[in-house]
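Heads up, the sequence shown is in my numbering, so the first residue is 1 and it goes up one at a time.
Source of the hints: derived by calculation from the structure; they are not laboratory data. Accuracy of the hints is not assured; some may be wrong.
Subject to a maximum C-alpha distance of 25 Å in a straight line, what follows is the list of computed SDA-like cross-link-like pairs (lysine to any residue) [said to hold, decoys possible]:
1. Lys42 - Ser15
2. Lys42 - Tyr13
3. Lys42 - Leu31
4. Lys42 - Pro30
5. Lys42 - Asp29
6. Lys42 - Asn2
7. Lys42 - Leu22
8. Lys42 - Ile10
9. Lys42 - Leu9
If you anchor each label on the Cβ, the simulated ranges turn out as follows [what the hints assert, rightly or not]:
10. Asn2 - Glu46: 17 to 25 Å
11. Asn53 - Glu23: 16 to 24 Å
12. Leu28 - Asn2: 31 to 39 Å
13. Ser5 - Asp29: 28 to 36 Å
14. Arg18 - Ser51: 33 to 41 Å
15. His26 - Asn53: 34 to 42 Å
16. Leu31 - Arg52: 27 to 35 Å
17. Asn2 - Asp29: 30 to 38 Å
18. Ala32 - Glu12: 29 to 37 Å
All C-beta atoms in this analysis are idealised placements derived from N, C-alpha and C, irrespective of residue type, glycine included.
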Amino acid sequence: MNEPSRDALIQEYLSALRILDLEAPHVLDPLATIVYRRHLLKRINELDRLSRNPAPGQDPTRKP
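Based on the sequences and whatever the hints tell you, model everything.
Written out as structure tokens, the structure is:
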């Protein structure tokens, strides 16, 4: 089973953020929205950092 690429995951998280911004105010508790938003942004930043600075021993020219 292939894992999605970092770019695909980032796009998925960005889509989730857009949906959260549009729908959450009508459905979710404001605190839950803030917590979920922070989680998504943390994951996006982490994936972005990993794509720029690959782990030691990893080929930086190879896409995940």
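Going down the list of hints, with the structure as the test:
1. Lys42 - Ser15: 15 Å, holds
2. Lys42 - Tyr13: 10 Å, holds
3. Lys42 - Leu31: Since the Cα atoms of Lys42 and Leu31 sit roughly 17 Å apart, the hinted pair holds (cutoff 25 Å).
4. Lys42 - Pro30: 18 Å, holds
5. Lys42 - Asp29: 20 Å, holds
6. Lys42 - Asn2: Roughly 23 Å separates the two Cα atoms, so the pair holds.
7. Lys42 - Leu22: Holds. Lys42 to Leu22 sits at ~20 Å (cutoff 25 Å).
8. Lys42 - Ile10: This hinted pair holds, its Cα atoms lying about 11 Å apart.
9. Lys42 - Leu9: 13 Å, holds
10. Asn2 - Glu46: 17 to 25 Å: 20 Å, holds
11. Asn53 - Glu23: 16 to 24 Å: 34 Å, violated
12. Leu28 - Asn2: 31 to 39 Å: Since Leu28 and Asn2 have Cβ atoms about 32 Å apart, the given range 31 to 39 Å holds.
13. Ser5 - Asp29: 28 to 36 Å: Given a distance of about 33 Å, which is inside 28 to 36 Å, the answer is holds.
14. Arg18 - Ser51: 33 to 41 Å: 21 Å, violated
15. His26 - Asn53: 34 to 42 Å: 39 Å, holds
16. Leu31 - Arg52: 27 to 35 Å: Taking Cβ atoms as reference, Leu31 and Arg52 lie about 32 Å apart, which means the hint holds.
17. Asn2 - Asp29: 30 to 38 Å: Since Asn2 and Asp29 have Cβ atoms about 36 Å apart, the given range 30 to 38 Å holds.
18. Ala32 - Glu12: 29 to 37 Å: Violated: the Cβ-Cβ distance is about 20 Å, outside 29 to 37 Å.
Hint check: violations occur at hints 11, 14 and 18; the rest are consistent with the structure.
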